[in-house]
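Undergrad: The primary structure of each chain is shown beneath.
2 protein chains.
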Amino acid sequence: MQNAQQLYTEYVTIMQKAADLNYAAAVLGWDQETYMPPKGADYRGRQLATLATQAHEILTSDPFGKIVHQLAGMDGLDDTQSANIRLSVEDYERNKKLPPAFVEELSRLTSESFNAWIASRRQNDFSVFLPLLTKMIALKRKQADLYGYKAHPYDALLDEYEKGATIAMLDPVFKGISEQLPILLDKIKAAPQVSNDCFHRHFPKQQQWDFSIDVLKGMGFDLEAGRQDYSEHPFTTSFAPADVRLTTRVDENNYASLLWSCIHEGGHGLYEQGLPGEQYGLPLGAAASLGIHESQSRFWENCIGRSLGYWKHYYPILQKYFPTQLSDITVEDFFKAANRIEPSFIRTEADELTYHFHVMIRYELEKALIQGSLNPKDLREQWNAHYNKYLGITPKDDKTGVLQDVHWSHGMFGYFPTYSLGSFYASQFFGQVQKDIPGLHEKIQKGELQPILQWLRNKVHQYGRRYTSEELCERITGTKLDPQFFIQYASKKYSQIYGISL
Amino acid sequence: MQNAQQLYTEYVTIMQKAADLNYAAAVLGWDQETYMPPKGADYRGRQLATLATQAHEILTSDPFGKIVHQLAGMDGLDDTQSANIRLSVEDYERNKKLPPAFVEELSRLTSESFNAWIASRRQNDFSVFLPLLTKMIALKRKQADLYGYKAHPYDALLDEYEKGATIAMLDPVFKGISEQLPILLDKIKAAPQVSNDCFHRHFPKQQQWDFSIDVLKGMGFDLEAGRQDYSEHPFTTSFAPADVRLTTRVDENNYASLLWSCIHEGGHGLYEQGLPGEQYGLPLGAAASLGIHESQSRFWENCIGRSLGYWKHYYPILQKYFPTQLSDITVEDFFKAANRIEPSFIRTEADELTYHFHVMIRYELEKALIQGSLNPKDLREQWNAHYNKYLGITPKDDKTGVLQDVHWSHGMFGYFPTYSLGSFYASQFFGQVQKDIPGLHEKIQKGELQPILQWLRNKVHQYGRRYTSEELCERITGTKLDPQFFIQYASKKYSQIYGISL
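Each protein sequence line maps, in turn, to chains A and B.
According to my numbering, the first sequence is numbered sequentially starting from 1.
According to my numbering, the second sequence is numbered sequentially starting from 1.
In case anyone wonders, no lab produced these hints; they're calculated from the structure.
Because the structure is a prediction, the values reported are computed rather than measured.
A few of these clues could be false.
Identical chains share a label here; the pair holds if one copy fits it or two copies do between them.
Within a straight-line C-alpha distance of at most 25 Å, the following computed SDA-like cross-link-like pairs (lysine to any residue) qualify [what the hints assert, rightly or not]: (1) Lys377 with Thr400; (2) Lys17 with Ile58; (3) Lys39 with Gln454; (4) Lys39 with Ile213; (5) Lys217 with Asp42; (6) Lys39 with Glu278; (7) Lys17 with Pro37; (8) Lys135 with Ala116.
Kindly generate the complete structure, drawing on both the sequences and the hints.
TA: Given below as structure tokens:
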């Protein structure tokens, strides 16, 4: 009979083989968004499907299931090994709940539905997407049934993106936000608006790029173990902790477009580079959850990258790149411009505060769609009604309204809440880092960001999936996720910017 | 019982699944040479190995073997289908001859041997590479035994790159060349040398690139189904006929470096784009052989891209990019510079004529190494002696001598001859195309290259692997490969350039 270590080695071999296939798919996906010529799309689609299927087959095979279950019952594994096995048993059981025929149907429908969404956007008409969306929602409800759930089918879908997240946990979080944020926003609305004209001058592409590389280096992003490229929609992907790819976009007449997407993706990238390489392909080598991933990007983008201290160091460097464009703008002006609050239609371009209403709207609609209390054919009307209610604006058409996000066409229901969770975790971590690092703000003003990265490495990155989001949050800050940290952070910051008293 | 069409569909599904994995590996390989950050190398190595192993397992599995053999004995397939099955049976039987343990040993030794070659080059000392090379040669002899052969073990290795090629076929070809080419070269040597100074001026990178894109478009390379990037060593790779990647390199002080590598790789790329997409993953969707592939690149590079007619059209365009650099150079000067003949040490930088001595030297040495009549420890000495004999020059060190090519470290014995075969096929095809297309030279002078591409599409590209190199050559030109076509082509061209009488 094999001993635990021998069997564990077998387990690692299988896991890493599947990881090789999944990372290969990530390379193909990266290339698809960055360099692939247009006619390559069809073949790329089938190559990606084959890689995903092969990896899925490996990880749902009966022999693999036998190995992980056997290991789960054996002595002789260390802590790390036991944690990997515990998570792999969970993953295996979860994966097995979806029969191959269902996986195939979902994959096919996703492809059709994505194409319908593209066509729908082109025609700026939600009704083109509606039939496929209706099918997709039915299939996602079926998926929730296959996974199983206690309180609400939406919980089963949430769990895929944020383990342990449920409506019971999210409802109070969003309730807190939806009660308190409007108070702050009303005060901001009553105060004189700050100008962000300084972003809308002409900034040549190359200098924008060069400064963004300075920014990434300053954050500690290792450009020997990663790179930045252009794509239509910024994203981060990883082929190993030693090869992390960021993408950004550029608009010569709107510097904000590149700048914060660069810092945001840089935050994701630092997390990926900080995952333990020796756990390659294993649960402890992967990010804790989407919410924690987003906490890393939002931490850098908002808590650091939109702070006055950060720009006290970086603004003079930026001015050297753009001496004429920024000659009349002080660092305080620039800081304010970076934090201008204004309701808008498009989630990805929203400011740090109104952003959460975008997420909340989607969260409410998704719950109702999955529960069956909202008929998809009423979705456009409900979307617009919600925007009117929460943001006081009504989308002028479907492209800036219900058709703006790709997620539903990909079948990603339950994903949106992780965006807000990320911000809330980020604020809570930021509160803690200010206690843990003496003289933090002086360091930031001098451009010394290394201690921050070190803190994130120690507190978050090194653990991979060892702890759930909630466990991690409690270990780091001593308390569960509490949106009050975000409200306090926001109130302090924006009362300064808009000169309002609380 | 299944009918032939049902079983054939199963065969296609399996073949295309393996192709998806192999093409995915090609994407990873392309990225490795173009954009991958340095620290990504180790993980990339294992990802590539997994993809190769998975594809190999699929294509050597017993069930797959059963399917192809069953299909080979069935009625009810059309011509194309039968040709695919015939070739797949051959491939399967050939692949099965190598036991998994051997494949693994070869893969491991290749990796070690490549690292030793890198170290050896860095130290400029052949003796560092020698132990691994010795092992590699022993393993390649074992491989030849596993494949089996009639006359000579080297034949078994040649067959892997150029099906049907044997020493019995190659010896007379190279004998003809080695007897006749020196006569021409002696006359060239006696004539006044032509100047190629015009390449060694300062040519800014961006303009070089822009002109190279004009050149590729002019050849008919579809930039919606492919692209060009930079890499250290130019190469072409393909992920489907609709996604073909060329790479080139640039030297601001030597324009020749980019220019002909671009046309050369463009020739390879046109072949890949011309392969039938509906045969994706099947033998008839793949190139006929390495020799035929090289015939396409050499055809464009030498027969077209180094002709006076071609530059009569393109030189004025080039001059617009570089008005000052080329103001004193006539198109005739430029044409001559592009065809300067001069013995040199490095194969990849050799001119169109002396190139074949580089290949011949490697061919002679490889035969002796595989036969066992040359001890690897005497290889450096023999290398230098051969360079002295054939080219009248002696390498000053190992880097410009025996260590210059990567091939042996990769275990690629039998590959080099395909380079010369490519040139010889190209000349023979060029002879034919002049007969087949009325007014060809006038068309070339007007930049009308489309009829040439059409001819190559019809005569070569559309067939994939349906015919062997020899069959293809005979179908197109009415005769087997005959190096006299090359000698005649070269004599005519170079007597004009060097003003010599034959």
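Undergrad: Look at each hint and say if it fits the structure.
TA: Hints versus structure:
1. Lys377 with Thr400: For Lys377 and Thr400, the Cα distance is within 25 Å only inside one copy (18 Å; across copies 72 Å).
2. Lys17 with Ile58: Close inside one copy (8 Å) and across copies (15 Å); limit 25 Å.
3. Lys39 with Gln454: Only across copies: Lys39 and Gln454 sit 20 Å apart there, 44 Å inside one copy, limit 25 Å.
4. Lys39 with Ile213: between (31 Å within a copy, 18 Å between copies)
5. Lys217 with Asp42: between (37 Å within a copy, 23 Å between copies)
6. Lys39 with Glu278: between (38 Å within a copy, 14 Å between copies)
7. Lys17 with Pro37: between (29 Å within a copy, 22 Å between copies)
8. Lys135 with Ala116: Within one copy only: 12 Å inside, 58 Å across.
Every hint from the earlier list agrees with this structure, and none is contradicted.
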